[in-house]
Each structure stands twice: as C-alpha cells, then as structure tokens.
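J.: One-letter residues, chain by chain:
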Amino acid sequence: MRYNNNNQQEFQELTDWVIDQAKKAGAKDCKVNLSKRRFVEINYRDRKPEVIKEATTQGLNLEVFINNRFASQSTPDFRKSTLAGFVTDVVDSAKIMEEDPFRTLPDPKYYAGRTSIDLQLADPAQDELTPEERHAMAKAVEDSCLEKGGNKVISVEAGEYDETYEELVKSSNGFIGANRTTQCWTGASMTAQDEGDRRPAGYHWVGCRYRGDLPSLQEVGAIAALRTLDLMGSKKIQTETLPIIIENRGVGRVLGGLFGPMSAGNIQQKRSFLSDKKGQQVGSKLFTVQDNPFLPRALGSMYYDSDGFPAKKRDLFTQGTLNEFLVDWYYSRKLGWEPTSGSISNLMIPPGTRSVDQIIKDLRRCMLITDFIGGNSNSTTGDFSVGIIGKLFDKGQFIQNVAEMNIADNHLKFWNKLVEIGNDPWIYSQTRLPSLVFDGVVVSGV
Amino acid sequence: MESLSRRKFIQRTALAGGALFLLPKLEASMLSDNSSGNYFLKEFGIDESLCQKLLAKALSKGGDFADLYFEYSVSNYLGLEDGKVNQSYGNISLGVGIRTVKGDQIGYGFTQELTEASMMSAATTASTLCDMKSTPVATSFNSPKTGNYYPVALDFNGIPANSKLPLLQNINQKCFGLSHEVVKVNAGFQSAAKRILIATSDGVMSEDLIPSGFVYASVVAERNGKREQSFYNLGGRRDSSFYTDDVINKVASKAVNNALNLFDAIQPPAGEMPVVLGPGVTGILLHEAIGHGMEADFNRKKISTFSSMIGKKVAEPFVTIIDDGTNLNLAGSINVDDEGTPGKKTVLVENGILTSYLHDKISAKHYGVEPTGNGRRQDFQNYPIPRMRNTYMLGGTASVDDVIRQAGNGIYVEDVSNGQVKIGEGDFAFYVSQGRMIENGKLTSPIKDVNIMGNGPKMLGNIIMAANNLEMYHGGAGQCGKNGQGVPVSFGLPTCLVKSLTVGGTQQKGGLS
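So the protein lines, in turn, are chains L and F. The numbers in my numbering rise by one with no breaks, and the one at position 212 of the first sequence is 212. The numbers in my numbering rise by one with no breaks, and the one at position 421 of the second sequence is 421.
Excised from the complex, chain F in its bound form (with noise of 0.2 Å):
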C-alpha cells in the first residue's frame, strides 16, 4: 500500500473531521494503514534513530532524563444558528515538544516544523537548562503495554461533517418542538482525531490515537417578558456510533427543561446551610476542591494544603475517592499519560484516609513513587504536569431519600459551572446552574444563579453521607484548566450531604426572593 508523503497528508487532512468523506476512496483507506505503531514513522519519517539523536542533544548538557511528545490533530465544529447549520471551523496542529529535566528544573522547545533542524534547534533550546557533562540515552525503545480504554477505528480522523449536519438539524427540531417558549436554539458538534508519539531518554516509545468530541444544544426559553437560557452537551473519547438518537434526544430535553425550570426558580437565602450534591456532574466538585490539591506538583512544592496530609484521616470512614484515567470513553480517558506512562486508576482517598497524590515523573523522582500516570499537557506548545483524569467518590449506602432528609433544611446542587480553587488554601467556589430548596427533608422549589463557597479539606470531612448511586459525567466540553493549559477531564458523585456550605446570595437568611 502507498504511504501518504508528508505534503499530500497535510493537504488532505486540512479537511479532515470536518468533510473527509470527500476524499477520494483509495486515499481515505490509505489512511487506515496509519494505525498500528508507527504512525509517525510513515507519515512523518520519524523513525528511531531520529528520536535517539534529537534526545541526545536534548541531554547533551546533561540532565536526569529527556522526552519528545510529537502531535499531529485535526479538530473541527459545525454550528447551528437560526435553523441554518452555517458556521465550520477547523484547525491542524502538528509539531513536537522537547523536554530536559534535571530534579524539578525544566528546559523545554519545541517546534511546528519536522524537519530535522528545526527539532535538532528545540532540542538545543530543551538542553540550555543544564550546564554538565552529558547523560546517555538508551539504545533502544520498548512501548509499554496499554489498555484502549477508547477504541475507534485504525483510520479514524474526527467525525465527518455530513454526519454531522443532520444531526444538528435533529437537536434544533427537537428543542423547538418540546416547547413553544423556545425562541433560540444554538446547536453546535465538535470533533477531533489527536495522534500522539513519546519518545523517552530511558527507552520508552508510545504512540496513541485519541478520539474526542461532543454535541451541545444552548436554548433560549420565553415566558411572559422573561427569558432563561440553558446548556447541555454529551460527548467523550468517542466516534460517531455515540451520536444515536438517543443521545441527540437527551440533549435537547434537558437543554429545553432546564431553561424551563429557570422560570420558577428562586435565590436562595444567603449563608450557611446543609448542601446536598446530586449525582454525576457535581463531581466537578470533588475535582476542583479537593482534586487539585492532591496534585503532586502542588504538594511537592509544599503549596497544596494537603502537603502534610499522607496517610492521615481526610473524612469520614465511607469516603474512597479515585483518580482513574481507565473508564471506558469518558473525557479524561488515557490510554498512555503525555510522558509515556500507562493509563491507570489510583486510589487518592481510600475508607477516609489520604493515600496518594497523582503523580507525574517529576513528582515521582521526588516522593520516591512510581508515576501514576497523571503526567498530561494541552499540546506539544507545553511540558507536562501532574493533572486529574476521571475522579470520582464511591458510592455510600444511603438512599437519596435518606440523604435529601437528613439535610433538613438548605439547597439540593443539580448542575455546577465555574468552579475555582485557591489550593493554598484550600478555598473554592461554584456557580449553581440548577438546583432546588430542600425544606423540612423534601426538595421544593428551583434555585438559580448563586455560588457556594467552601474549603476543600473541610469540606471533605464535612461529607456526612452518601447514596448508593454513583453517576459518572458523561459530557465532553469540560476542560481543566492549570497553568494555562486546558486538559479534558470528566468526573462523578453519588448523591452525598455535605454538612455545611456557603450559599451566596443577594438575600439574607429570614427573607426569600
């Protein structure tokens, strides 16, 4: 079979995601010889010698170890505005990063050119950080083994735009046609295909085909003078075979009911008071409050405030909290980390006790642990760093009627958004996008637009029970952002009673809007 050149793939695949299936027949097979080890091999002519070359003179100063994280993506979104599906954007990356590491000291390159100058020139750049003699590079590569936690054909290359079209026409059908207090609908798809080749000083070679995408629909609801509006969106590691008519029906239901309940909803009165998380996508609490500070970037730095927290008791007894890059097709899936370790699952918080931070190399080194393979980074403009995948709290043995009694009196959290930690402190707040009071142990009226403010550590002690109904997020338009990268993360809770909470509000306790 013909191997694409360099200069025809890049022509080629400019269109790819968005309209490939208008490649001619013979060259879209071509593309599916590009899937098993060597992708970057015969597209790209990067070969080991290459690799072995380019980390010697990454290490030709010296340093600990070195890696190259070579990426080539195509992503691309159709849009849906006033009935029309009239907007496509796409983008190509394509370049490889370069990085030395000397203790916790990084030097870093990297270039959207693959040719051998222009990555011998990031490689000096990567080496500057070191002033030694240099460190040798092993003299030969072995690819870890790995699950496939997102399996998509060997010549997938993003979801193709005609597939797409349809389907954006079936959400906008389908929201007017739930209610007729729907004045706007947008509808929007987006895809990418991102190849991934490691390359590391001590041997290892990994390369990686990862999916990701999701489909959204934002609605603007009208009843008498007053309007809502409301978000929703599915998506993950995933090809088209997702986007059934399920899946389109789903979004656009609860895109439309949740701009609907607005309408009845109230602010809740302003102070502290029992929180109850519900199931699934309020897990993005348990990342941004307690996750990050169990980074080990953080922590090594001695700048989480769970820096002094190994081994000792977090919370209550029936709390296990993970950290796993292993679920099938959820955002924060890795089959192999940015630096070359294998996805896995690691247990941060086991029956209340504070057991593991998540790890990338550095950290590792530092600790004296094996990496937990968290080492993860945006693209190859940037190095890597200790991020979360899918983290997500055990479920308890309560039921959700149970826990929604207990807390007596205070609100019931649906739907979070912009959430923001300050790990030092341990500080964070949310935005609740949907929710409702719970009043005398029973939940009434809808809440809007408020915040909860808390502090992750005591937070997580203050978790007083859990339901037996762990829920994963299953959309994929959440990013992580750390340090000006933004990662794909998913997340998930059973319903759980956090005993006490801040809930911002224009209302003092005593008087409801």
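Isolated chain L, as found in the complex (with noise of 0.2 Å):
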C-alpha cells in the first residue's frame, strides 16, 4: 500500500483549526502536533512467514498554557466533530493544575535560525517497495545465516521492518515545524546449540534511512550467524584488573550514563554528579563528543528540537573537558540560564586510526566487550554497574568467550581509563561511536 504524500495539507488546515478552538476555549497558548506513521513488519522462521504486520496509526497531541498552568493530551481521533471537545477538555484539565511561573511556551526569538541544509531523512523510494521485495528480503537474510550458522542452527529469525512518519508541529505563538522521515531495517537472531543446554543467541540488525544504503542481505545474515557461533562456550573468568575494548555498538550504552546528568532537568533536580562539573576535565585527553543534527541520512539528523529550537552542532566534550549542558525551555528558566538544547541528535565520536584488531595485537590481556546485559547508572552519584559479554585475548591470542561477568565503576574515574579509540564508527543508529579503550577495569566473575 503506498503511502499517502498529500498529509501536509491536510495537516495545516487541522493544526490552525485545533490552535483557533484551543484560544477559544480559554487556552492562553498551545502547541499541536499531529503525526501519521505507515508501517510493515515482515518476520521469516523456518524458511516460512512467521509474522506480517502492517498499519497505520495517527496521533495529535496538544499542550495547552494558562496563565502558567499547564496540560498536554493525546488522540488518535482527527475529526473535528470530536476533537472540538477534546480541546475543551485538555484546556480544562490545564485549569486545574497549579500554578507554575515557568511554564509557558519557548520564547518566539529562539525558534530563529534553522538550517537549509536538504537532510534527506525520508526516502523516495519506500513508497515503491513492494511485498515481494519485504519477503525477498527477509528471506535472503534468512538464508544466510543458515547456511553460515551450519550444523549449529537451534532457530533463525530474519526480518524486515520500514516505516514513513510524517508530523507536524506548530505552536500559538509562530512555530511551525514538518518532517518526513523514512527507515528500513533488516536483521537476523540466531539461536546455536553450545555444549550442555546453553542455547547461545546472537543478532545482527541494521537500519538507514534510506534502503540503498543497507549492506548486502548476505553480509547482514552471514554476520548475525557468526556473532552467535561467537557466543559458544562462554564462561565466566577469575575476577581481575584488565584493559577492555567496548565494541562499538555497545559503546552508546555506556556513553549513555553521562547524558542523562548533563540534562537541565537532572541538575535542577539536583539529580545529577556533572552539575558542577562544566568546563572541568571529565575524561582522558583523548575524549571528545560532538552532537551533530547535519548528517545527511542519519538517524539522529534533524531540523527543529523538541522545544522548536533549531537544531545545531555542539562539541560536548572536548579532549576530556565538558563544554555545554543539554538545557531545554522549561528548566532553563527554572535554572535563569540560557537554553542550549535538551535534544541529542547524531553522537559522534572522532574515530582513531586502528582498527579493533591492530589494537589486541598489542595489549596484553584483554576482554573485548561483545554486549551488555542488564546493569543501571545512577545519574546523582556516577556509579554504574553492568553485565558484560565477550572474550578475553592475550598478546592477541583468542583465549576464550566470556558470560556472566560485570563490570563497574564511576564515570568520573571511568572515562579517565579512555586509552585509544577505534577506527570503525558504528553507523547503523544516531550513537555513531567507534570502539573504544580502557586501561585497567575490574572485570567481575568468579
């Protein structure tokens, strides 16, 4: 089913009639935003469909101001015939909330500035994929990875998944935002036989926003089977000191542990360990983060932030010092600072020149980190603890696969261990983090 283009239109019409209804209504400000997704789903097991989904769902939601009270709702209902009650309610709903000095909307000035630049976050040719090429697709996935799984294969999943989203954001006081994006996602799970009643599973899923820029189906099945034949015979490890690498995929789950603190609504809430932390030395020299909204096709890219604020480049850290916090609208006038952006969009790492292997070529003892498992970061004190999967090298000698063991520490000590950083930054998700380094972690086992 091909998606229908002509949304916009009809969008604008509705979102000025819902903002004319809401001031109506007694709403001193408002902000609409009404988005439609179109999705298909498309999973293959044993050489058979197992699963195929498909729809399309629509929602509005209104933030209504008074007076500096505040409240938002959601619908999926479009009709004006129904929505004009709706209005009445959420505007009475926001009557009887408390009074808030800060709750209003974002001051029109910072709504200024957006880019130009064509993002290409919605791809022309999604609209022209067929069932048949979904089921192509999850089929070739499939077939690779049972031939590459072999004699090992308990199960394979392979699947296909792509949506358009299209909304559109304006607010009483001149915001007015669109976007149209498309993803197409395509991956296998394996499941292996190991030795007693372990039954590894590994996966490999890959998405863009375009579907050219996928890999090949084959590389995408062939990888899935070989990260879970990676899996087999892992064991925990005597608890020791040792320098780890955390593949790139997985360095965002820890990265992810800072970003919460730096956000203005944490450190309002004192909430946050990095609240006094700005413009000190967090990490290593060798730590820098740019958040970056420009990047043609990528997931994180956009135009306007959740407040409206245009998006921009930001330098996070810079050579282990923190530069900025994420402040939005609200809690910047809660702290009497200047918003920046509560948003993140692409995070960037600069890669290094070597890739994983060069780098156990020369370390000594080592854990490459594969996956994370269960595991918290506590935003007010930096104490995280997590589940490590992997292998452990020595003198770049595969030494053994690695489960159940843990690894923990605090940020303000860990990102201090950054020793290197790898060649190869993931691309498949807006955290776009090369591998990275540590020297001397305790990793948790026996």
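Simulated from the structure, these hints should not be mistaken for laboratory data. Do not take every clue at face value.
As the list claims (entries may be wrong) - With a Cα cut of at most 30 Å, we get these calculated DSS-like pairs of lysine-lysine:
id, chain 1, residue 1, chain 2, residue 2
1, L, K36, L, K24
2, L, K235, L, K334
3, F, K84, L, K23
4, F, K365, L, K95
5, L, K391, F, K482
6, F, K482, L, K48
7, F, K365, L, K139
8, F, K61, L, K48
9, F, K312, L, K235
10, L, K152, L, K48
11, F, K499, F, K312
12, F, K226, F, K84
13, F, K254, F, K226
14, F, K226, L, K270
15, L, K80, L, K95
16, L, K313, L, K334
17, L, K270, F, K312
18, F, K458, F, K344
19, F, K42, L, K80
20, F, K302, L, K152
21, F, K226, L, K413
22, L, K235, F, K482
23, L, K278, L, K417
It should be emphasised that the depicted structure is a prediction, and the values quoted were computed from it without experimental measurement.
Once you've looked at the hints, go ahead and assemble the two chains, each given alone in its own frame, into the complex.
T.: Structure below.
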C-alpha cells in the first residue's frame, strides 16, 4: 500500500483549527503536534513467514498553557466533530493544575535560525517497496544466516521492517515545523546449540533512512550467524583488572550514563553528578564527543528539537572537558540559564586510526566486550554497574568467550581510563560511535 | 437511559482519569450504563454480526483461527515537582487488532478507526498470511465464566485529578517533614482504565474493565556534600480507595529512608559469593532469571534453556513456583487474557520438578495442552504472546535469621531493578539498589550500585534454603518488556539463600571500598 503524501495539507488546516479552538476555549498559548506513521513488519522463521504486520497510526498531541498552568493530552481521533470536545477537555485539565511561573511556550526569538541543508530524511523510493521485495529481503537474510550457522543452528528469525513517518508541529506563538522521515531495517537473530543446555543467541540488525544504504543482505545474515557462533562455550573467569575494549555498537550503552546527568532537568533537580563539572576535565584527553544533527540521511539528524529550537552542531566534550549541558526551555527558566537544547541528535566520537584487531594484538591480556546485560547508571552519584558478554585475548591470541561477568565504576574515573579509539564508527544508529579502549577496569567473575 | 454517541463519548473521555469530576452529573452517571458485557456494543456499535463479518474476512483465505481485540483506554498522569502539581498528561487509545493464525504463523492488522470499512481493511491485512480456502467462523458467541480479581465500580473511568492533587501534595510534605536532609521531591500519580472486547472465530466473546495505576515518590537527599536518590511506589489494579493515608505515608517514608540509607552504603567486593534474596520485590529475579525461560514460545522454538526440561528436577524439593493471574489487585492479575482465556493459576515448578510452561493458544496447540491464560499484549497494536502475570515462589520452613546465618559471608539483596535475561543461555543480571553485607551470618553495612549476575537454571538449582515469609510486590510502576511490548506484572519471593552468584563491583575480593 502506498503512503499518502498529501498529509501536510490536511495537517496544516487541522493544526490551525485546533489552535483556534483552544484559544476560544481559554488557552493563552498552545502547541499542536499531528503525526502519521505507516509501517510494515515481516518476520521469517523456518523458511516461512512467521509474522506479517502492517498498519497506519496517527496521533494528535495538544499542549495547553493558561496563565502558567499546563496540560498535555493525545488522541488518535482527528475528526473535528470529536476534537472540539477534546480541546475543551485539555483546557479544563490545565485549569486545575497549580500555577508554575516557568511553564510557558518558548520565547519565539529562539525559533529562528533553522538550517537550510537538505538532510535527506525520507527515501523517495520507500513508497515503491512491494510486499514481494520485503519478503525477498527477509528470506535472503534468513538463507544467509542459516547457511553460515550450519549444523549449530537451532533457530533463525530474520525480518524486514520499514516505516514512513510524517509530522507537523505548530504553536500559537509562531513555531511551525514539518518533517517526513523513512526508515528501513533488516536483520536476523540466531540461536545455536552449545554444550549442555546452553543455547546462545546472537543477532545483527541494521537500519538506514534509505533502503539503498543497507549493506548486502547476505552480509547481514552471515554476520548474525557469526556473532552467535562467537558466543559458544562462554564461561566466566576470575575477577581481575584488565584493559577492556567496548565494541562500537555497545559504546552508547555506557556513554548514555553521561547524558542524563547533563540534562538541565536532572541538574535543577539535584540528580546530576555533573552539575558542577562544566568546563572541567571529566575524561582523558582522547575523550571528545560531538552532537551533529546535520549528517544527511543519518538516523539522528533533525531540523528542530522538541522545544522547536533549531538544531545545531555542538562539541559536548573536547579532550576530556565537559563543554555544554543539555538545557531545554522549561529548565532554562528554572535555572536562569540560556537554553541550548535538551535533545540529542547524532552522537559522534572522532575515530582513531587502528582497527580493533590491530589494537588487540598490541595489548597483553584484554577483554573485548560485545554486548551488555542488565545494569544501571546512577545519575546522582555517577556509579554504574553492568553485566558483560565478550571475548578474552592474550597477546592478540583468542583465549575464550566470556559471559556472566560484570564491570562497575564511576563515570568520573572511568572516562579517564580511555586510552585509545578504534577506527570503526557504528553507522546504523544515532550513536555513531567507534570502539573504545579503557585501561585498568575491574572485570568481576568467579 | 440515553446512550452516548461515539462522538460525544470521545469528547467526554478525553478528560477521563484526569478530571472526570468536571463532567456534568448527568453524563457521569451515563457512564455507569457501560458496565455489563456489551460496552463496545453500546458505545461503538460493535455487535456480534459485525464481529462475525470481520472474523470471516480474516479467515477468508484460510487459517486455524482468527481473533479480534477491541481496546478503549484512557490514562492520565499528574506530576509534582518543586512543591507544585504542575504537570498533567493524558492519553486516549482506541482501536482493534485483528489476527489470523495458521500453525505458528501470524497475520496481523490493526486500525484506530472503528468504522466497518477500516476494520475490514485490517482484517484483509491479517488474511494475507494464508492462500487457501476460507475457514468457517462460529455462528454464535459464548462468554466464558471468569473471576473478578480487581473489582471496581462499573463506571470506573480512571482516578479523577481532583483526588490526585492533595495526595501528591501530601507526599511532598511528608517527605520533607521526615528529614532535613531531603532536598528535592518528585511525586507522580499514574492511572488508567482500559476496556477490552475479545471475539474469536471459535465462538468466544469476552469483555473486561481493567484498572491500573501507581503513586510514587522520588527523593534526593544531601549529606556533607554527597547526594543520594531513591524511588518508591505502590499501586496495582486498583481504584482510588487504595490510596489512603497509610499508603501515602509508606511511599514517602520508604523513599526517604532508602535514600538516607545509601549515605552509609559501601560497594561489596566483586566475585562469587552466597546471596540472600529478601522477600517481595526481589521476586523480579525469579521473573527474569527463570520465568521468561518458561514462556512457551521460547520453548516451542527450542531457544529456551528450559526447552528440554519438562518433567525433570530443576530445583530442590522445597521449591514450588507459580505464575498466577488470580491474585487480588496485583499488577499482573487478569480476569481474562488477551485471547479470551480466563485468568488462571499455573504451577511451573512443583516440589522441584518443572511441570508446565506458560502458554498462549499457539503454543498450547503446539504442545497439545490447554492454554494457561498467559496470552497477553501491550495494546491493540500488538498481537498476544506468552507473558507472565504474578510469579512467585512459595515459602519454606526456615526462619529469616536461619537463612542469613547459613549464608555466612555474602550479600543480602533488599531491592533490585533493571533485570535482564538471555533466554538461550539463561544468563541474567540485576542491579541491586538496596541491600546489606552479610558478615559472619549477620547483616552489616548497607551496599549500593552493584549488579548481581548468574545463570537462571543454575540459580534455581542453587536455592538451598527458603524462609516462611512469602511477600508479594505491591508496586504498580513495573513493566515487563518482551518483543517491544510492555505489560504490567508482579512477583513475590520468601527470603531465600542462593548458594553462589557473581557480584559485580570495583573492588576485588580482599578490599572493601
């Protein structure tokens, strides 16, 4: 089924009408977000379709501000006949809230300055994707995974998912933002027969805004199988202090423990261990993190953030120094700070020059961490603890696969242990990060 | 009594849960007319003949069976920050999901529009799974007899905002009043009312009204320049009568005391050691480490480590584990599951022997057993899969002191969060948010910020002692995630001793921080 490309005209007319209704009902200000999403999901197992799912969803969210009182509600019903009552109800909900002087729409001066770069967020070819092509993608990935997995395979599930998303956001004080994006994902997960009753499961999924940017389907399936076979025979080892390498696709899991504490909300609510660290060294000189919303076709690219502020490129950490907090409109007012943006787009760490294989050859005993399990990062103290799955090496030689192990540290110590950066940024995510090497980390096991 | 038109209905219930008290009295009373087994007929015109038509379309190209899942839910959240109840968020969800099943294959379509044309289109999508001769649909529907494990008024439509406001202010005052070291308090009250109608091609039709919600406090305390935070909630499938002063006091005092405890907490040494699981919330470990592996979809696909263990000894003879949809007011209780099977109590492990998996209709057919009432889904946009409800282990005979003494040197886990399991390997990890060291058989220093790691089947076999103090978790904030779907669950555990688990930390054995 083709996606209706004419939503923006319908959206424009409806947002204007909702804003008008809200004003008439007593709203001082309001913001409306209309969106539609069309998606298809196909999964294969045992060389036949296991799930075929397809639908279109829509939603209208209305935020209302009345003399510093605030309410927000959403509904899937776009008919004016029902929306009239919905709008009145949201306004009535706001009226019973307590007054909060910081609850307003952003000052419109902050809406100016949006990029004119074409971010290429929607693949024009996505509308042409046929059911047969979707099935063929899932089948090809499954075939490749089964072939590579060989006689170790217990089960393979392969799939294709694609969606088209469209939104219009409009506020009563002049913000208007329209967006159309596409995504196409494919991948497989495999379960293998290991010793005893262990059945390790591995996966490999990749997604892009443009289907044509996906790697070969054979490669996707084969990597899913290889990553599963890499888990065979995993055992824990003695607790010891080692250099660790966190594989590119897992770096975001640990790095994410810094971004909650960088948010103005956590700082204002005294839940941030970074609240007094702006301008200070919190990591090694190698630790540089940029937020870049302007990468064409990237999954995190954006024109405007959730407040309507124009997206901008930011150097969040430079050579270990924390440069900037994530300050949205509401908490900027509570803190008396200038707003920056509370949103993250594409996170990047400048890649190094060597591959993980080259790095491992030069390390003595070290652990490559390929996945995480469970765990937590405490935004108030900076302490974190997370389960790990990986591979143990010594002088470049593979020793064994490891599981049931753990790393724990405090972020203010951990990022100072960063000693090298791989040359392999993971591009199928909005955390486009390379593998990172840390020295002297306690790895807990037996 | 006048029935509300669908148009009026949507208008009015946009406010539902948030401020129903604002409705004119006449219309609020009309909602009480929506109780008995024909709510969707009255409000949306969903009658038996329409259901049959949709099911026939879903099976027009064949299939074993088809089902319809209609949902209308309203949810509302009120939040307090910096002493003001200044956030109100609400959501309305309305739609139908239509599923066609052939063997273990699923065709699924859904729509947010309850017009016949739109619903027929969703049924057509579901039917594309098959390419055969049509399958007949039952000519009439019967409603199975179910219990009522979360009784609420027949016109329950969420908890009104005007009753939430003073409770949140009360929590705020209590938290600040309990300690001068409290520097920030956040409190919130989430509630929802969900109505469902299930109709199946084999002639089952079932309706339910499902309340849910919780109230929480999140506290930051400060001592000598150090800060600690804590969160505590209570709730479940309940109406406003649950949220008494006692409940508010408990939420406030637990949140404050847990935060203050952390100032004295240390990180235990890393490595393998005996672990005592305290009663109640630590049952989440049972849920993650063992329960997921017993969900039958993982077993029929042979990807669970438990898939060859039915009838085998998996634990000591004093271990009996139950997954139960019939507990009064707990978050995972269900009158009927999302495939139309009545809520039940399922014994998974009886006296140490694995006796059953948790089944939906697909896996029950695969194994040739009756469905256990575990076919659950997040909402109409998702098809049902086997999910836990309230999972717990029965108490043993030891005293709590005996269990701690037997541990010798290890850790005592009081509260955990962020559990995760790898189904095939059985490996799991949990974050310990509250606990204590056990030294020479006695509880000593508080501990914090550590993970415990282990292997589910191994842990089950390593439970060597259980006290006679089974407690259930009465929070409402917890959601179990699987295949991208979240459903509310609860769990329970008596105090029990696990011979050995890996404790993660920054200190190697021999040195405490």
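J.: Hints first: check each against the structure and report whether it holds.
T.: The hints, checked one at a time:
no. : hint             : verdict
1   : L:K36 to L:K24   : 26 Å, holds
2   : L:K235 to L:K334 : 50 Å, violated
3   : F:K84 to L:K23   : 25 Å, holds
4   : F:K365 to L:K95  : 53 Å, violated
5   : L:K391 to F:K482 : 27 Å, holds
6   : F:K482 to L:K48  : 22 Å, holds
7   : F:K365 to L:K139 : 26 Å, holds
8   : F:K61 to L:K48   : 17 Å, holds
9   : F:K312 to L:K235 : 24 Å, holds
10  : L:K152 to L:K48  : 20 Å, holds
11  : F:K499 to F:K312 : 21 Å, holds
12  : F:K226 to F:K84  : 26 Å, holds
13  : F:K254 to F:K226 : 20 Å, holds
14  : F:K226 to L:K270 : 11 Å, holds
15  : L:K80 to L:K95   : 23 Å, holds
16  : L:K313 to L:K334 : 24 Å, holds
17  : L:K270 to F:K312 : 52 Å, violated
18  : F:K458 to F:K344 : 28 Å, holds
19  : F:K42 to L:K80   : 22 Å, holds
20  : F:K302 to L:K152 : 13 Å, holds
21  : F:K226 to L:K413 : 17 Å, holds
22  : L:K235 to F:K482 : 26 Å, holds
23  : L:K278 to L:K417 : 20 Å, holds
The structure shown violates the earlier hints numbered 2, 4 and 17.
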